[in-house]
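With the hints as extra help, turn the sequences into a complete structure.
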Amino acid sequence: MKIYKVKVNGKVYEVELESVSEVQGSIKADALKAEAAAPTAPVATGAGVEVKAPMQGKILDVKVKVGDAVKKGAVLAILEAMKLENEIVAPQDGTVTAVVVNKDQTVNNNDLLVVIG
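Using the working numbering, the letters of the sequence shown correspond one by one to residues 12 to 128.
No lab work stands behind these hints: they were computed from the structure. Wrong hints could be hidden among the right ones.
What the hints assert, rightly or not - Calculated pairs, DSS-like style, for lysine-lysine (alpha carbon to alpha carbon, straight line, at most 25 Å):
1. Lys114 to Lys63
2. Lys63 to Lys76
3. Lys83 to Lys114
4. Lys22 to Lys63
5. Lys63 to Lys94
6. Lys74 to Lys94
7. Lys63 to Lys74
8. Lys83 to Lys69
9. Lys74 to Lys114
10. Lys94 to Lys114
11. Lys63 to Lys83
12. Lys114 to Lys82
13. Lys69 to Lys114
14. Lys82 to Lys63
15. Lys76 to Lys114
On a predicted model such as this, the values are computed, not experimentally measured, just so you know.
Here it is as structure tokens:
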């Protein structure tokens, strides 16, 4: 059993690990920050912009229907994942051309939810 002290965002945590094999390595923090900061962009298709599920979960509510005009940032659906309610928002202004999910439906990561034209 080994005890390690780990500093995350300025706060120190003690972590106990059982079987550990130590390996020399390095982490490039700037590259990791750039990857984490870059959100996944919606995919534009000929029919419009596809809004996909950012994670696996259950659709608690669908806030739009086909033909609705939406503004950037408007809530399209509520996705429950790990007991948290996540708002899925419109990436741009437009009109909803397709709603692919229903209330209480389970979705996987990157499943299509809504198309905005």
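Results of checking the hints against the structure:
1. Restraint check: the Cα-Cα separation between Lys114 and Lys63 comes to about 16 Å, which is no more than 25 Å; the hinted pair holds.
2. At most 25 Å may separate the alpha-carbon atoms for a hinted pair to count; Lys63 and Lys76 meet this at roughly 16 Å.
3. Between the alpha carbons of Lys83 and Lys114 the distance comes to roughly 22 Å, so the proposed pair stays at or under 25 Å and holds.
4. Note on Lys22 and Lys63: the hinted pairing is violated, with a Cα-Cα distance of about 34 Å set against a maximum of 25 Å.
5. With a C-alpha separation of about 20 Å, the suggested pairing of Lys63 with Lys94 holds against the 25 Å cut-off.
6. Our distance criterion of 25 Å between C-alpha atoms is met by Lys74 and Lys94, whose separation comes to about 19 Å.
7. Simply put, Lys63 and Lys74 have alpha-carbon atoms about 15 Å apart, close enough for the 25 Å limit, and the pair holds.
8. Proposed proximity of Lys83 and Lys69 is supported: the alpha carbons are some 23 Å apart, at most 25 Å.
9. Of the supplied pair hints, the one linking Lys74 and Lys114 holds, its CA atoms being roughly 10 Å apart against a limit of 25 Å.
10. For the hint pairing Lys94 with Lys114, the CA-to-CA distance comes to about 16 Å; that is within 25 Å, so the pair holds.
11. For the given pair, Lys63 sits about 15 Å from Lys83 by alpha-carbon distance, which is consistent with the 25 Å threshold.
12. For the proposed pair Lys114 and Lys82, the alpha carbon gap of about 22 Å is at most 25 Å, so the pair holds.
13. With a C-alpha separation of about 8 Å, the suggested pair Lys69 and Lys114 falls inside the 25 Å cut-off, and the hint holds.
14. Note on Lys82 and Lys63: the hinted pairing holds, with a Cα-Cα distance of about 17 Å set against a maximum of 25 Å.
15. Taking the CA atoms of Lys76 and Lys114, the gap is near 12 Å; set against the 25 Å cutoff, the hint holds.
Consistency with the previously given hints fails for number 4 only.
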